[in-house]
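Chains as they are written, first to last, in our numbering: chain V, 1 to 328; chain Z, 329 to 764.
Treat the hints as calculated values from the structure; they're not laboratory data.
None of the values given here were measured: they were computed from a predicted structure.
Any given hint might turn out to be false.
Stated by the list, open to error - Calculated lysine-lysine pairs in the BS3-like style (CA-CA distance at most 30 Å, straight line): (1) V/Lys238 to Z/Lys568; (2) Z/Lys494 to V/Lys9; (3) Z/Lys494 to Z/Lys543.
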Amino acid sequence: MSEILWAEKYRPRTLDEIVDQEEIVSRLKQFVKEKNVPHLLFAGPPGTGKTTAALALAHDLYGERWRENVLELNASDERGIATIRERVKEYARTVALGEVPFKLIILDEADNMTADAQQALRRIMELYTVTARFCLIANYPSKIIEPIQSRCAFFRFKPLSKEHVFQRLRYIAEQEGVKVTEEGLEAIWEVSQGDMRRAINTLQAAAALGVVTAETVYKAVGMAKPKEVQEMLMLALKGDFLGARDKLRELTINYGLSGIDIIKQIHREIFNPRSSIKLPEDIKVEIADLAGEVEFRMVEGADDEIQLCAFLAKLALIGKKLRYGGKS
Amino acid sequence: MSLRIPWAEKYRPKRLNEIIGNRRAALELYRWVLQWTKGIPDKKAALLYGPPGTGKTTAVYAVANELGYEVIEMNASDLRRAQDIDRVIARAVSVGSLFGAKGRIILLDEIDGMSGTEDRGGLSEILRVIEVTRVPIVMTANDPWDPKYRPLRDVSVLIRFNRVNKNIVTKILQNICMKEGIKADLSALRLIAELSEGDVRSAINDLQAIAEGRKVVTVEDVKALIAKRYREYDAFTVLKLLFSSRTSEQARAVLSQSSLDYNDLKEWIHENLPYQYSDPEELAEAYDALAKADVYLGRIVKSQDWGLLSYAIDMMTAGVAMARRHPYHFVKYKFPSRMLILSKTKEVRQIRDRVLERIARKAHISKRGAATEYLPFLRVIFRANPKMAAGIAKWLELNEEMIEYVAGDKSIAKKIVEFIKPQAKTRRRRTQRTLF
Numbered sequence: 001m002s003e004i005l006w007a008e009k010y011r012p013r014t015l016d017e018i019v020d021q022e023e024i025v026s027r028l029k030q031f032v033k034e035k036n037v038p039h040l041l042f043a044g045p046p047g048t049g050k051t052t053a054a055l056a057l058a059h060d061l062y063g064e065r066w067r068e069n070v071l072e073l074n075a076s077d078e079r080g081i082a083t084i085r086e087r088v089k090e091y092a093r094t095v096a097l098g099e100v101p102f103k104l105i106i107l108d109e110a111d112n113m114t115a116d117a118q119q120a121l122r123r124i125m126e127l128y129t130v131t132a133r134f135c136l137i138a139n140y141p142s143k144i145i146e147p148i149q150s151r152c153a154f155f156r157f158k159p160l161s162k163e164h165v166f167q168r169l170r171y172i173a174e175q176e177g178v179k180v181t182e183e184g185l186e187a188i189w190e191v192s193q194g195d196m197r198r199a200i201n202t203l204q205a206a207a208a209l210g211v212v213t214a215e216t217v218y219k220a221v222g223m224a225k226p227k228e229v230q231e232m233l234m235l236a237l238k239g240d241f242l243g244a245r246d247k248l249r250e251l252t253i254n255y256g257l258s259g260i261d262i263i264k265q266i267h268r269e270i271f272n273p274r275s276s277i278k279l280p281e282d283i284k285v286e287i288a289d290l291a292g293e294v295e296f297r298m299v300e301g302a303d304d305e306i307q308l309c310a311f312l313a314k315l316a317l318i319g320k321k322l323r324y325g326g327k328s
Numbered sequence: 329m330s331l332r333i334p335w336a337e338k339y340r341p342k343r344l345n346e347i348i349g350n351r352r353a354a355l356e357l358y359r360w361v362l363q364w365t366k367g368i369p370d371k372k373a374a375l376l377y378g379p380p381g382t383g384k385t386t387a388v389y390a391v392a393n394e395l396g397y398e399v400i401e402m403n404a405s406d407l408r409r410a411q412d413i414d415r416v417i418a419r420a421v422s423v424g425s426l427f428g429a430k431g432r433i434i435l436l437d438e439i440d441g442m443s444g445t446e447d448r449g450g451l452s453e454i455l456r457v458i459e460v461t462r463v464p465i466v467m468t469a470n471d472p473w474d475p476k477y478r479p480l481r482d483v484s485v486l487i488r489f490n491r492v493n494k495n496i497v498t499k500i501l502q503n504i505c506m507k508e509g510i511k512a513d514l515s516a517l518r519l520i521a522e523l524s525e526g527d528v529r530s531a532i533n534d535l536q537a538i539a540e541g542r543k544v545v546t547v548e549d550v551k552a553l554i555a556k557r558y559r560e561y562d563a564f565t566v567l568k569l570l571f572s573s574r575t576s577e578q579a580r581a582v583l584s585q586s587s588l589d590y591n592d593l594k595e596w597i598h599e600n601l602p603y604q605y606s607d608p609e610e611l612a613e614a615y616d617a618l619a620k621a622d623v624y625l626g627r628i629v630k631s632q633d634w635g636l637l638s639y640a641i642d643m644m645t646a647g648v649a650m651a652r653r654h655p656y657h658f659v660k661y662k663f664p665s666r667m668l669i670l671s672k673t674k675e676v677r678q679i680r681d682r683v684l685e686r687i688a689r690k691a692h693i694s695k696r697g698a699a700t701e702y703l704p705f706l707r708v709i710f711r712a713n714p715k716m717a718a719g720i721a722k723w724l725e726l727n728e729e730m731i732e733y734v735a736g737d738k739s740i741a742k743k744i745v746e747f748i749k750p751q752a753k754t755r756r757r758r759t760q761r762t763l764f
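Assemble the whole structure, with the sequences as input and the hints as a guide.
Below, the structure written as structure tokens:
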């Protein structure tokens with residue numbers, strides 16, 4: 001029984017194993033050959049191999065002892081720049097082991113740092129540049145401040161092609177002895193697009209249900225979504241605001257979802273053709289507009305629960321207008 | 329009642345090694361006072377600052393006890409007349425102590441609350457004292473950043489006292505309960521600690537109010553006290569005044585008439601809006617106003633532009649009140665439930681966070697990413713395929729309660745655990761064999 005998460009099990013370990021992003025990989029291999037790496041900035045959508053490339057680079061650069069020479073940080077989890085500074089300082093103090101004279105610090109989700117924190121990070125990068133090289137990873141490169149961008153070699157990761165995703169999914173299915181139909185693959189592509197991680201996770205969840213067909217894929221995706229999102233929207237539209245507020249609290253507490261995660265899921269639900277919530281097209285647009293404003297406010301630092309409640313109260317009003325507005 | 333010794337006094341740490349909150353700040357003070365034994369240091373005053381109940385005064389007395397010094401405390405009334413200061417200073421520098429103390433510390437407690445410091449006269453007196461003193465002067469303040477304290481800051485060593493971590497507050501409360509022979513639920517003490525927001529004194533006062541003369545303390549007791557406290561806070565009256573306001577002026581005046589601050593008011597309105605406004609139109613409009621107030625509050629935090637506060641207050645008072653279209657009707661207002669929910673769900677949130685941590689570590693992703701990218705799929709796998717789930721659970725090193733959290737069901741969790749167990753047994757047997 002060696003079941004682990006397939007997304008992890010089949011993560012390429014070396015640069016050679018990465019089949020996509022050819023141009024990036026060949027430049028990274030050049031760095032390995034020269035045993036020198038500039039500061040790096042990997043940018044691109046989720047599931048396009050940024051973290052994988054960083055880890056594979058580390059592996060190829062340091063060989064078997066790569067773990068001793070790599071510090072992996074996640075800007076979303078390390079609380080604040082002070083913590084990052086402390087950890088980097090401590091880490092960069094000792095000399096790298098082996099023939100590469102510097103250590104590698106992988107800072108994932110760097111675009112979640114505030115501009116101030118990034119300024120501080122820039123100082124850190126300069127201070128330790130002899131003993132440590134940074135590999136910053138971000139979804140949105142424009143959220144990285146200009147002075148950092150200009151100090152980094154920039155790599156833009158593109159969404160994976162359908163061909164590559166299918167090839168990988170077929171390979172995994174074969175290794176795992178799982179049956180996959182063509183429609184199943186198409187369905188996975190529909191829900192994951194060029195996001196390899198989501199594609200593999202969907203494959204595994206569908207495989208947990210049986211043969212991977214369009215049906216099991218959609219069933220797995222349906223099960224994966226917290227049902228509370230739909231229930232909350234239903235309650236609000238029916239005018240049961242208090243019920244909707246309770247669901248909202250369940251979502252944050254039981255699922256660990258942030259306000260932003262929740263509003264994104266609401267947005268997806270509103271436009272999901274398979275959703276059981278049926279709304280007139282113009283109302284969908286109105287709700288999308290409201291959702292956008294709510295997300296913006298939460299990003300700005302507003303109170304998640306109060307903003308989402310204000311949103312739900314507006315939904316209740318929309319629901320009332322729909323019931324009494326002559327539409328049925 | 330008059331015989332009641334406040335526990336906050338009774339259990340105030342007497343020595344440095346008894347201090348567990350803000351210990352580092354207390355030690356910093358100790359080192360600074362020690363410098364005086366080797367001559368007069370550059371900065372002749374120390375300014376201890378931080379929120380109430382974080383151990384500033386306690387630190388001063390503990391340092392004095394440690395060194396066998398005497399603390400000469402002065403307050404606002406002493407400062408009113410300059411000759412009083414002269415007298416105190418004269419005593420401190422010249423005359424030997426009645427109690428044979430080895431040294432003295434002058435303590436000016438809560439300078440930002442001293443009525444004498446409202447004008448510059450009082451402050452310049454303090455500055456003069458610092459100039460001439462030959463003994464350490466220690467001042468405490470909640471907020472020393474007002475520009476008028478600048479001259480004081482310039483001549484003082486600044487020592488910061490932080491809000492005390494709630495685990496430490498809980499520990500302090502546990503110690504007191506032990507000494508008082510009270511059996512208290514850990515969750516009750518945690519709730520008290522959480523509500524105190526790092527103010528140890530208020531936490532101990534709360535504990536005493538609930539626990540004195542009793543043998544057992546439960547979460548319910550704590551909640552009852554909170555509800556009572558807030559009732560004393562006249563939150564209910566404030567809400568009634570607010571929701572029945574006819575003009576924006578009346579509504580805006582509400583906050584100034586009460587002891588609630590705007591954050592409390594925000595919570596109370598948030599909780600009670602749906603009870604007060606049953607008409608969806610009213611509710612939507614009022615929530616819109618509250619949400620805008622909240623946006624302003626967020627901007628204040630970010631920009632430190634406190635001038636925005638009046639707009640925030642306008643929106644949460646007048647904005648909320650003017651949404652009313654129907655005549656005011658009385659409803660029974662409720663205590664804000666958000667906090668209670670947080671303390672009640674602490675356990676499940678902890679398990680959830682631990683699961684997310686494990687995923688984050690194994691899958692090279694943030695905890696938040698683990699929540700959105702992995703957890704939903706794990707839920708499917710755990711519910712549908714116990715065998716596959718067992719392998720993943722083992723790989724992630726999940727324990728039984730974590731498995732139950734992911735599966736969302738006790739009986740399914742049991743099945744998954746069954747799959748793991750036999751393997752664990754064989755492995756144990758193998759290790760035993762190698763032992764013999």
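List of violated hint numbers, smallest to largest: 2
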